[in-house]
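Engineer: The chain contents come next:
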Amino acid sequence: MDKVLKIDISAEKGVVELLKYLLQNDRVSGVFTLRKTGSDGSFDYALITEPGLLEDAIPLHPFMHVNAGKILSALPSMRKPVAAVIKPCELRSFVELVKRSQGALDDFLLISYTCGGSFPYKTTVKGQTDKLLPEFWKAVKSGLDSDSIRPTCRACEYFVPMNADITISLIGEKDLDSKCSIFLHSGKSESMVEGFKAEISKGELDLSRFDSLVKKRKEQKEKDFKELNIQDSGLDGMIDIFGKCIGCHGCSRICPICHCILCDFESCAYDYDTSMIENELLGRGGVRVPTDTILYQIGRLSHMSFSCTGCGLCTEVCPADIPVSTIFRKTGEKVAGLFDYVPGKDVDEEIPVTIFKEEELSELGND
Amino acid sequence: MKKSYTKGAKISNSKGSRKTILNFLKGLLKKGSLDAVLIPMRVPAGDSYAWVLIKDKKLLDDANPIAPIMPVQGANALSSCTKKGKGNLKIAALMRPCEIRAAIELSKLNQVNLESVTLISYDCPGALPMSDYLQDPGEGEKVFDSLLKKRDRDVESVKPVCGICDNFSILPASDLHFGLSADSRDNILLIPNSKKGTGLLNKMDIKPSEDISSWAKNIEELKKVQEKKRKERFEYVKDMVEGFDSLVKTFSACVGCHNCESVCPVCYCRQCYFESETAKPDIESILLKTKNRGSISLPADRIMFHVGRMVHMSLSCVSCGLCTDACPVSIPVAELFSYVGDRTQQTFEYRSGEEKGEPIPMKTYRKEETKGINELVKGAEG
Amino acid sequence: MSKEFMPKIISFLCKWCTYSGADLAGTNRMKYPPSILPLRVMCSSRVNPVFLIKSFLHGADGVLIGGCHPGDCHYQSGNYYTRRRFAILTTIFDSLGLESERLKLSWISAAEGTKFVRVSTEFNEKIKSMGENPAKKKIFL
Ligand code: SF4
Ligand code: SF4
Ligand code: SF4
Ligand code: SF4
Ligand code: SF4
Ligand code: SF4
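Protein chains in written order, with the numbering used here: chain A, 110 to 476; chain B, 285 to 666; chain C, 22 to 162.
FYI, nobody ran anything at the bench for these hints, they're computed from the structure.
Treat the numbers as computed from the prediction; the structure is a model and nothing was measured.
Relax, there's no trap hidden among the hints.
Not everything, but these chain C residues come out facing chain A in the computed CB check (under 10 Å):
{"id": "1", "residue": "77"}
{"id": "2", "residue": "114"}
{"id": "3", "residue": "139"}
By construction, the Cβ of each residue, glycine as well, lies at the ideal position given by its N, Cα and C atoms.
The following block holds chain A by itself, in its conformation from the complex (with noise of 0.2 Å):
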């Protein structure tokens, strides 16, 4: 069981009285969450050790500029944990980071929430963010999709967080204007809340009652997997698909789990001899530079598609438009598949290329 914490204030508000009560009481060296950074929209995540600025925090924005996993594998460790306020997604990415020795659990004390989705880049490009939120809200509290979320998100079956300390209560929650209700699941997270003004009790998050979302939005994973029609068309179609991709590998950069410095498809591995090209051109009669551009789609594929958790920031970032995430969530689900594996959802597992079972996959190899 549980501890519950419920407060009469708004859930936003809730959970910035909670980082206050942390901070001021010295449980956590910092904390890291979204904040406003002016009267224009505008927002990033921030680091704050000074109780007085929590004023600006925006802990449950539906906004994902960054992944905040990729952002905590690059902080320091501190005197104490710094308290994280982070999507779903983002904790099962920084759990797939840690795996990597990116980082450690034991540095945060991680608080994430049934997440509602997030908007994509170009709401904030065209300055729209602040009139969609409320019909966003609306949504969140019926426990619905809203109209305004990522196509990525509305097809995410992972909005309830695994691994954290602390879960707020969001989706389906009618009251969230005037109540907020915090999940305790660790021992860490009991004793850093401990004297907390709040009213207590003993239960746990119904997850029954997403079961109806869950459904619709596996469907709709589905749906878009099978719109893609990428199985189909062979090495036409991948040409189809990434024929406008412009080489700038900003997905991998803003990939969680790429976490490399130099990425292996940037190094002089991928710079050819002229007469390489030459050859090239006699098989082809013309070739395409620069070079490797579906290389480096299955290469990174095969790197950590196992690992992907979906987080769509690929998707995002891509000036050309190609649903990245989506055929890297589709092709990573068939390849974690092979051994069970979910992404982000156990801390000890380690990724399936560092490890084997000498029983297993004995289809292969004989003839």
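Starting from the structure of chain A, add chains B and C with the ligands where the hints point.
Structural biologist: Coordinates of chains B and C with the ligands only, in the frame set by chain A:
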């Protein structure tokens, strides 16, 4: 410095400028005067363009010498096939003037080898913003076709930097130039501008003997108009970059993806300094900053990246606009960099991509420095 | 095409097992298809999956990895990793609709010269029936 262009050849434009250019190139491939052509080609899905090095002249039929968009900078394409050496093929690269200028900058940095490359330019009508085109490629083609037919420069539908481009025609570095905005639309001018260019015309038995001064005059006039537009626009851009607060505001939506750097032709570093271990803020500095200010914005050093990039490469910025095209949150990166680039280049009386041999200002010095620097030094001394 | 199609099969063979097996086939004057282009690697796990992708996209009609039988790896466990990587790569190929049948993994020991001949002949026949790798003529890769 300024060169005047007086002689060229007129060829019939009855088939349209694209076909005419393709036929010329095909002729050269056939005669063996060229082995391959670097040229944009529409991708099979028909929704974008890519650079293709073509050897088989049949493939040229599908090429589009004047593509409506520039998803990848031609200089990057040229670099990827010549940076390891000149190779055995005689290549002609048909590129927009800003792409040729970027190639010249890269050749100064040993990232492009021009020895067996002939650079062919044309009067560039500008390019469409990639995002506009991607929304409806069919419509994009139509819009661009009508642009091609106009005599004046249309600034409505092209990229913002194209709208204020004052270097859209023949360059000192062009080997050969197609004058598209000729007096009469019935003709295209072929203007040789180097031994290589003259050689190719000779091979095709084309004599550059006609007077082209009226074309040249027209270009000069258009350039003046563009220069004025550029100045006016920069008055506005200035406020977006000058002062720390305006910089922060301008880049407030930046997600730190570094797409702007990775597509930039003159940011050629294999690993950008700002993505390296060295540039990562160390633990102490994060803690110290957080302590002093009560908070720190993460990922750290976003502004540092943009300003740092200006320091590294604004001297070579060719205002091609690729960075804006690649920015997922529509920050007008190219205009900002062009503005800063114009200023840094003026300081050194340098124009990026103009002269082949001229060293980039960072790699040289003069005992008697230019006026711009003297002023800067004086300013610094108070 | 009048000339019979002769595939190119890039073959990454582990030095300790399959490469020696191929050697044995050679010293015993057994015949294996000339389309097999052997590359010796110190262990099948030396084969970066990107090698396979690259071979495929650059036009190899087939790619073969040969390693020691599970449990026999000279480095104890290299081939178990190879097996996982191979499973991952073929799954990716299938998911993208690419011909994963052009990729093959086979365990052939140093003593199995006959097996090497059989496996390579069968694979060669299969690739022949599949025809040329379509990637060979693509421009927009
Ligand atoms: S591949 Fe794309 S969707 Fe998957 S984790 Fe990386 S950025 Fe997110
Ligand atoms: S694609 Fe591979 S090499 Fe590149 S950043 Fe991702 S994991 Fe690293
Ligand atoms: S972000 Fe898009 S354009 Fe850039 S490399 Fe990835 S898929 Fe290609
Ligand atoms: S900074 Fe932008 S406009 Fe300037 S050269 Fe680079 S990509 Fe082109
Ligand atoms: S910003 Fe500087 S270090 Fe980075 S790629 Fe450009 S020139 Fe190189
Ligand atoms: S492309 Fe745009 S969002 Fe990305 S780093 Fe550059 S300015 Fe920032």
